[in-house]
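> Below are the chains, spelled out letter by letter.
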Amino acid sequence: MVTSLAFRLTKRFGAKIVLDDLALEVRGREFVTFLGPSGCGKSTALNLLAGLLPPTAGEIRLDGVRIDGLPPERRGFGMVFQNYALFPHLTVGANVAFGLAVRGLAKAELAPRVRRMLELVRLAGLEDRYPGQLSGGQQQRVAIARALAVEPRLLLLDEPLSNLDAKLRLEMRGEIKRLHAELGLTSIYVTHDQTEALSLSDRIVVLRDGRVVQAGPPAEIHDRPRTLFVADFMGYRNAFPVTVSSAEGDTVVGHARDVTLRGLGVVALAPGTAAVAVVRPEDVEVAPEPAGANVVRGTVRFTEYLGREHGVEVVLGTGQTLMARLPRPVTVGSALALRLPPERVVILPAEDGAR
Amino acid sequence: MRLAVLLLPSVAYLLVMFVFPFAYGVLLSLAPGARGLSLANYLAFFLDPWQARTIWVTASIAVPNTVVTVLLALIVAYSMRRGIRGERTITAALVLPIALGTVLVAEGINGFYGPKGWLNQALVGLGVPELPRLTHNYTGVMIALFVQHFPFCFLMLLGYISGIDPALEASARVLGAGAWAVFRRVMWPLIAPGVAIAGALVFVMNFGVFPSAVLVGQPAGATRTIAIAAYQQAFEHSDMSMASAIAVVMGGCQLAGLALILVLRRRMAGTGVATMGAGKR
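As given, the protein sequences belong to chains U and S, one line each in that order.
For the first sequence, numbering that gives the first Met the number 0 gives the first residue as 0, with consecutive numbering after it.
For the second sequence, numbering that gives the first Met the number 0 gives the first residue as 0, with consecutive numbering after it.
Calculated directly from the structure, the hints in this document are not laboratory data.
Each residue gets a CB set at the ideal place from its N, CA and C atoms; glycine is no exception.
One or more hints might be untrue.
To give an idea of the interface, some chain U residues facing chain S are shown, with a C-beta separation under 8 Å as derived from the structure [said to hold, decoys possible]:
1) 3
2) 6
3) 84
4) 86
5) 149
Quick list of simulated restraints, FRET-style, between CB atoms [what the hints assert, rightly or not]:
6) 82(S) with 20(U): 25 to 31 Å
7) 106(S) with 20(U): 57 to 63 Å
8) 56(U) with 83(S): 43 to 49 Å
9) 99(S) with 64(U): 56 to 62 Å
10) 131(U) with 265(S): 16 to 22 Å
11) 132(U) with 25(S): 41 to 47 Å
12) 20(U) with 83(S): 25 to 31 Å
13) 62(S) with 5(U): 56 to 62 Å
14) 263(S) with 22(U): 51 to 57 Å
15) 82(S) with 132(U): 30 to 36 Å
16) 127(S) with 16(U): 53 to 59 Å
Please construct the entire structure, taking both the sequences and the accompanying hints into account.
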């Protein structure tokens, strides 16, 4: 059982810095997710940990022992790939047995372990099928069973759900969470999907251009983003440039030309500095009164029916647009007053080129 | 009916360009002296040691050359599977012999490996007493065939190997397989169909060797291949019927070689589903 994984890694391809001194400590049984857009270095980090790519600088310690010099086959990790990477010429059983077979386990010992692994991923009885005869979801289950069969010290998952359709993705997300807890695994998961990251992780590490922009438990990343980049990634789609009028503790008040917005200050902001107030469309509500604190007014430009709610795009007096999700339909062209609940607004320092 | 009309051009093409000449050749070989059908030509070929041994001569060139060419091409292509620096330059240099054609390559080989070629001049300069004889014999033909067919085989295998998802190798490594286990358990079963096809094509081309056997070989003796025998019958003895018989024997040998390669390939691959190779992922 692994009790700690600590690494500090830099990777350059020529002049391009892909990972810039990415440092992290992972505890045993922890589920850590690298979250970020494509090109942020998250998959590279995973490949460095697996030993599939050499780091330009840095080290990896597993329970205090340096392992960055070991080739991938001697690290004892498990890895699940986005495209499953099952061996097409081997049966499901032989795929799952692969790691054990190359370790020299006797044939007689293989069969029961393969059966147990397939039971674990709910694919018992499919030993003799070939990967090409399975659905995408089944293939990914086989890939997971194959990685788990070697009892990996660390499980690495590289966007394992992104090739699956929405329903299967949800189902497999639950499976991964169950297996991680049931088997006491230590897992590192790479994704660009915030929902996956939020639902699976003990800790989310948001990466951008090879650097950590924020790391913390899912609720913290979700509710208290520290940069506009993280806020945008976490679904804060509405942003209003404001000037900070006052900041007391957690509460920050910012004003724009014709509105004053009160919100949550996650980062220290001095009065007078340029800031941005952000809020999720889901948190915007119809104002009970046409004027008041954190209320903005505008004209409905566009609506879309989303089933449980109505997506609305409102043009404010300032010309800015505001997205909202409202429980009741509104008519295009009508005037609307919307309230941005202060406990749901986050006020962040403005940064250049962040959005 | 409509379908039949649409098929007509391609059927006509096949008939005129392939079926007719082939059938004509086979018939011609069975009709010496234009009086009824007989196997006289074939009997004459197999009973004349000077003619019959061309099968052995050709095979002793074609088989080892195919093995060496495929093996070296496999090693080089496998080690280049993840791309290397200067790959395009190497590829371009390798395509050149194909583009230049057999005769020019043979001339080049004479110029370089010949008795007064650059290689021997260099060896004289180095004071080597016994100069190797590399052209106008078996070795010359082997070199010429290798130079022509290695690039072809290499490019074919490189395309095949680099078409295999790199994630397969990565996952095998992470699962504990070292370089050899990766090759033996994952890559080889996926590459084998490509190797079989490349091997079959190189063998057929080798077995039909003609210009090289004449230009850098010893066409009257050690490298008198079956193609030379057929040529001599056709254009020196003006016996088209006998020449056709020899050509049919040559085709039969090539088919036998292909069948052998395919049987070997099936043996190595084990079960039937494995033949799906790299295609199905």
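> Each hint: holds or not?
Do the hints match the structure? See the list:
no.: 1; hint: 3; verdict: violated, 21 Å
no.: 2; hint: 6; verdict: violated, 17 Å
no.: 3; hint: 84; verdict: holds, 4 Å
no.: 4; hint: 86; verdict: holds, 6 Å
no.: 5; hint: 149; verdict: holds, 6 Å
no.: 6; hint: 82(S) with 20(U): 25 to 31 Å; verdict: holds, 28 Å
no.: 7; hint: 106(S) with 20(U): 57 to 63 Å; verdict: holds, 60 Å
no.: 8; hint: 56(U) with 83(S): 43 to 49 Å; verdict: violated, 24 Å
no.: 9; hint: 99(S) with 64(U): 56 to 62 Å; verdict: holds, 58 Å
no.: 10; hint: 131(U) with 265(S): 16 to 22 Å; verdict: holds, 19 Å
no.: 11; hint: 132(U) with 25(S): 41 to 47 Å; verdict: holds, 44 Å
no.: 12; hint: 20(U) with 83(S): 25 to 31 Å; verdict: holds, 29 Å
no.: 13; hint: 62(S) with 5(U): 56 to 62 Å; verdict: holds, 58 Å
no.: 14; hint: 263(S) with 22(U): 51 to 57 Å; verdict: holds, 54 Å
no.: 15; hint: 82(S) with 132(U): 30 to 36 Å; verdict: holds, 32 Å
no.: 16; hint: 127(S) with 16(U): 53 to 59 Å; verdict: holds, 54 Å
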